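Please take these sequences and the hints and turn them into a complete structure.
Those protein sequences? They're chains A and B, same order as listed.
For the first sequence, the positions run 1 to 256 when the numbering used here is used.
For the second sequence, the positions run 1001 to 1412 when the numbering used here is used.
Hints should not be assumed to be uniformly reliable.
As the list claims (entries may be wrong) - List time: in silico DSS-like cross-link candidates among lysine-lysine, alpha-carbon distance up to 30 Å:
(1) Lys256(A) - Lys87(A)
(2) Lys67(A) - Lys1179(B)
(3) Lys1179(B) - Lys77(A)
(4) Lys1179(B) - Lys236(A)
(5) Lys203(A) - Lys240(A)
(6) Lys1375(B) - Lys1408(B)
(7) Lys1179(B) - Lys240(A)
(8) Lys1408(B) - Lys1064(B)
(9) Lys256(A) - Lys67(A)
(10) Lys35(A) - Lys142(A)
(11) Lys236(A) - Lys12(A)
(12) Lys11(A) - Lys35(A)
Simulated from the structure, these hints should not be mistaken for lab results.
Predicted model, so just to flag it, every value in this text is computed and none were measured.
Residues per chain are reported as follows:
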Amino acid sequence: MNRINQLFENKKNNILTVYFTAGFPELNDTLTILKSAEEAGADIVEIGMPFSDPLADGPTIQASGDKALENGMSIAKLFEQLKDMRKEISIPVLLMGYLNPVHRYGWDKFLQQCEYCGIDGLILPDLPIEEYKSDFKDKFEKIGLSNVFLITPQTPNERIRMIDELSTGFIYMVSSASTTGAKSGITEEQEAYFNRIAQMELKSPVQIGFGISDRGSFNRACEFADGAIIGSAFIKAIQKSGSIDVNVKNFISSIK
Amino acid sequence: MTVKEDKLTALAVENMPDENGFFGEYGGRFIPPALESIMEEIEQAYLEIRKDPAFIEELAVLNKHFTGRPSPVYHCKALSEAIGGGQIYLKREDLNHTGAHKINHCLGEALLAKRLGKKKIIAETGAGQHGVALATAAALVGLECDIYMGEVDIAKEYPNVVRMQILGAKVVPVGHGLKTLKEAVDAAFEAYLADPVTQLYAIGSVVGPHPFPMMVRDFQSIIGREAREQIQEMTGKLPDNLVACVGGGSNAIGLFSAFLQDEDVNIYGVEPSGSSLNYGEHAATLSLGTPGLIHGFKSYVLQDDEGNPAPVNTIASGLDYPGVGPQHSYLKDVERVNYEVINNDEAIDAFFRLSREEGIIPAIESSHAVAYAMKLAATLDRDQTILINLSGRGDKDIDFVVENYGKKYGIE
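Structure, rendered in structure tokens:
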């Protein structure tokens, strides 16, 4: 059983996932942030692989990606930073990014590296489900890598069922049809959508992402799902001046 | 059927793309799930209206009475004589209302948006031609319109910015990265993701996720259908050569689509080699790129070693894009179309040459096609013909050209 399944087996609610961009604020901060997040009590960490054209990301994550690329971040460098990660990190770690840089790096090598470093899952917003089924599903499952699919308020129920069938980790529920970026509060419309998904009684755990920024919105989201994902607000917190370790811990303890 | 006939049949417009939007291995739909169902909705609506007699009639009436179609084909006798080789003909898309071929698909997309009950139509623009055409179509059918445009292009193509504003559109400046066409596409996508329900993203070329490369091509294919009849009427035969500039590739596919199965017609797509063929100094995507993904579709892409789109540079804002239409990518691989390059200086030379020999000021984008056709004409016999798609007029470019190149051509 991989670490994601183990986590959801042992912990049924209030699962906190934080997202940050690899190589940001400084090139070699990746592992520091990862360690601090685990120590502070984050349940899952998602590491963004920076890309110059991130179609699904809002301004905060985009800006962090631009800075990371400027710092010299790349997929090759990220695997270099993560190669000994499992000596210190025991929580699930996922990589999030876009297809073209992975294509360019080479899929076989990429999957080998994921296995070597102990990556538990991937989130690739521009990977079509059909392509996943035909080209990647077997390869991912062979090395215990979960592919996390996104659903939105516009995703038809039959497609959600298909995603639920295919998911081996959790489902990423995008709270609104928007890019990432900390917008405060949960609207009535979103609530209706969360309830609709909850009533579908999916077999896979569900985490809510996009628009979760503080304890209030985190707790509210957890009423409807197994947990929630914080990206933009976490990135804003770690780019504050002072020690990264302290900033990470202060932020996470303000949520939990 | 012979193998050769099979191959030619496969190129027919009605056989491309496949039901998933692929032209060979290119095209498709690689987008965040927030856009998936919206793209399916657009595809369904388009597949319905393109067979709907009422829609076909409405578009035909607008093409004739609003745009001024058919656009004429003109024989450049003086220019051909001066070169002393093949005969150069122009398909005069520059004479369309709004001054370029872009109006052909903008009318179609605006009518589609209206039918889908959208309130607003949004898009990116490079040179401003697509933006002006879309703002015009939006005004005509009664839709709001936001146009995303790089700050560099806003400064360079200012007359088109004012034109869009007069037409009631909002021009949204894009200030990240190189501040040109690619960044404008990024910004328009972002705005679309924020509200895909009440808006329609009318992408400005034969690029983007399925169904856009197919839909924009279909609306532009009127260029080729008209030209095929016109040139035969004038010369008694099909053209020996076709030439069009390629950025995203909408005007080129519009012309080429009617001739893809005519194997005796040589077809040339012309990309901008900018100031040089060094990394970052051109936008010759098919000539120097490699297969990859950009803005939700698979095509040749100019990219760095890490898979990020490369910086691009050309004086033609409308060609300044590190991707290219998936059908062009396919036509390159099957060697049906030859993709060539023309640099900044050659394009400017053609800009002045056509202006002064024929009294026609071409857009800088189209000047790339004219420049290549002039080179080609010099190698041909006098009874051979070249049909250029003169995709736009150069009014928008006059300030930029005179400021940067005027002196060389006797303008103080």
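Status of the hints after comparison with the structure:
Our distance criterion of 30 Å between C-alpha atoms is met by Lys256(A) and Lys87(A), whose separation comes to about 26 Å. Note on Lys67(A) and Lys1179(B): the hinted pairing holds, with a Cα-Cα distance of about 17 Å set against a maximum of 30 Å. Between Lys1179(B) and Lys77(A) the alpha-carbon distance is near 28 Å, which keeps this suggested pair within the 30 Å criterion. Simply put, Lys1179(B) and Lys236(A) have alpha-carbon atoms about 25 Å apart, close enough for the 30 Å limit, and the pair holds.
Using a Cα cut-off of 30 Å, the hinted pair Lys203(A) and Lys240(A) is violated, with the two alpha carbons roughly 39 Å apart. Only pairs whose Cα atoms come within 30 Å are accepted, and Lys1375(B) paired with Lys1408(B) is accepted, the gap being roughly 21 Å. Taking the CA atoms of Lys1179(B) and Lys240(A), the gap is about 28 Å. The hint holds against a cut of 30 Å. For the hint linking Lys1408(B) to Lys1064(B), the alpha-carbon distance of about 40 Å lies beyond 30 Å, and the restraint is violated.
Restraint check for Lys256(A) and Lys67(A): satisfied, since their Cα atoms lie roughly 29 Å apart, inside the 30 Å limit. A threshold of 30 Å between alpha carbons decides the hint, and for Lys35(A) with Lys142(A) the separation of about 28 Å falls inside it, so the pair holds. About 28 Å separates the Cα atoms of Lys236(A) and Lys12(A), which keeps this hinted pair within 30 Å; it holds. Distance check on the hinted pair: Lys11(A) and Lys35(A) sit about 20 Å apart at the alpha-carbon level, within 30 Å; holds.
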